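J.: Go ahead and model the full structure; you've got the sequences and the hints to work with.
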Amino acid sequence: MNNQIFKDMVEANINEINDTIDLLYLTSNSCSKNKLLNSLRKNISNIKTLLQDLQNGASINNSQPNTTKVFTLDELSKYNGKDGNPAYVAVNSIVYDVTNNAAWGGATHFGLTAGRDLTKAFSACHAGEPILSKLKVVGKMAE
Amino acid sequence: MNQANINCPNFSLKLETASVLVNKVIDGINRNTMKKRKLVWLELTGCSGNIISLLDGANPDFKSLAAQMVNFIYENSLMVAEGEAAMKKLFSVIGDDYILAVEGAVSTKDDGMHQIIGRWKGQPVTALRAITELGENASHVIAVGTCASDGGISAAKPNPSECVGIQKLLKKKVIKLPGCPCHPDWFMGTLAYIMLCGEPELDDRQRPLMFYSTLIHDICPRRPYFDKGIFASKLGEKTCMFKLGCRGPVTRVDCPLRKWNDGVNWPIGDDSPCIGCAMFGFPDKMEPFISYDTT
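Each protein sequence line maps, in turn, to chains A and B.
Residue 57 in our numbering is what sits at position 57 of the first sequence, and the numbering runs on without skipping anything.
Residue 1038 in our numbering is what sits at position 38 of the second sequence, and the numbering runs on without skipping anything.
Some hints here could point you the wrong way.
27 Å max Cα-Cα, derived DSSO-like pairs, lysine-lysine [stated by the list, open to error]: (1) B:K1036 - A:K33; (2) A:K78 - B:K1234; (3) A:K134 - A:K120; (4) A:K82 - B:K1157.
Listed next, the stretches of chain B that the computed footprint assigns to chain A, with coverage defined by at least 3 CB atoms under 8 Å from CB atoms of chain A [what the hints assert, rightly or not]: (5) 1195-1203; (6) 1208-1222; (7) 1283-1289.
Derived contacts from chain A toward chain B, CB cut-off under 8 Å, selection only [what the hints assert, rightly or not]: (8) S30; (9) K35; (10) S45; (11) K48; (12) S77; (13) K78; (14) G105; (15) T108; (16) F110; (17) A121; (18) A127.
These aren't lab readings, by the way, just hints derived from the structure by calculation.
Source: prediction; values computed, not measured.
We put the beta carbon where it would ideally sit given N, CA and C, even for glycine.
T.: Structure below.
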């Protein structure tokens, strides 16, 4: 994600928040009000996530990932998040660090464990989602 | 949760959602502007934990629901009728207007013969038959709890009775309230909303946004510890349990705010990691529930 995309996403959320606030002034129906409040929470959560990524120094510009280190499957398996080792996973031949990724509690994620090539599992669940661009790249898989 | 969050009107309003909706329904019924709807609650292949949880509801409580809000037609743990008389009541609603709440998954092996909920006209009534006949005829179907929503514990590996969530057996949309068990507010608020306005706004997995819009991690009182990288290394420590395998970051529901047992506490408040019981794929995809020696 580059700076312009980040700025556009924050602005889009702020515009939605302003529209929702305008609507809140107009409604007296509690059902509608709850819907609008939920919408506000969603926008705030979006902005918080974007800021969190920024503060964590997650790679805002991943156009030149660090792919100098080359992993074999056997080497990758050592980085399983246990016994002092960081948690790495490979997707589409790129190796990412998920050690402190919130969704990887205990170095596991929806029954998956770190230290493996998860290309198939990733494409089955997260295809098209801009998740990988937020992760730190630590190398690439051997050809 | 820190003091600033407690005072946020958005949070306090969220806590009032279920009671406001239920009181509006009761008020409408008392003023004769609304009618009580018939409610059928089926306990299928599960542990009956959701009906027990509902009985533990407070503000709104179960009495408000049963006495003032709906005509409770069938609930096998609570009703007086038994045997064929109970089954007669159950099937009497077909052709009439009713809302169906279902807890438990549905056993499909051997044509459903691993889960018999009663006998009707001399024949065993399987959970499979009950859900297909009563589900398609209901005005709305609510899956109460994780097993009804997604198979849950009843469908956990190796799933010998071939249990499935109820959506897999019904063509119509099922409103899903996952959680093991379902919080009383989630059910009563959803039911009241249906009676007032029809189907509530749902996410892409058919969960009502009014209860399931927030990740636990985003409103967790221990979130500041996560942000600062202060992690518990064993159970009992008061810091972030992410390294122990907490599933709060992937579980979307409002437990940190609403809490349980009349707002007394919730798992993380008692130093236990979230095990993701309200998330699809629970329990198999949420295991291991606890991890040690992680980095």
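J.: All the hints need checking, so say for each whether the structure fits it.
T.: The hints, checked one at a time:
no. : hint            : result
1   : B:K1036 - A:K33 : holds (25 Å)
2   : A:K78 - B:K1234 : holds (23 Å)
3   : A:K134 - A:K120 : holds (19 Å)
4   : A:K82 - B:K1157 : holds (25 Å)
5   : 1195-1203       : holds (count 3)
6   : 1208-1222       : holds (count 7)
7   : 1283-1289       : holds (count 5)
8   : S30             : holds (6 Å)
9   : K35             : holds (6 Å)
10  : S45             : holds (6 Å)
11  : K48             : holds (7 Å)
12  : S77             : violated (15 Å)
13  : K78             : violated (12 Å)
14  : G105            : holds (5 Å)
15  : T108            : holds (6 Å)
16  : F110            : holds (4 Å)
17  : A121            : violated (11 Å)
18  : A127            : violated (15 Å)
Taken one by one, the earlier hints fail for this structure at numbers 12, 13, 17 and 18, listed in ascending order.
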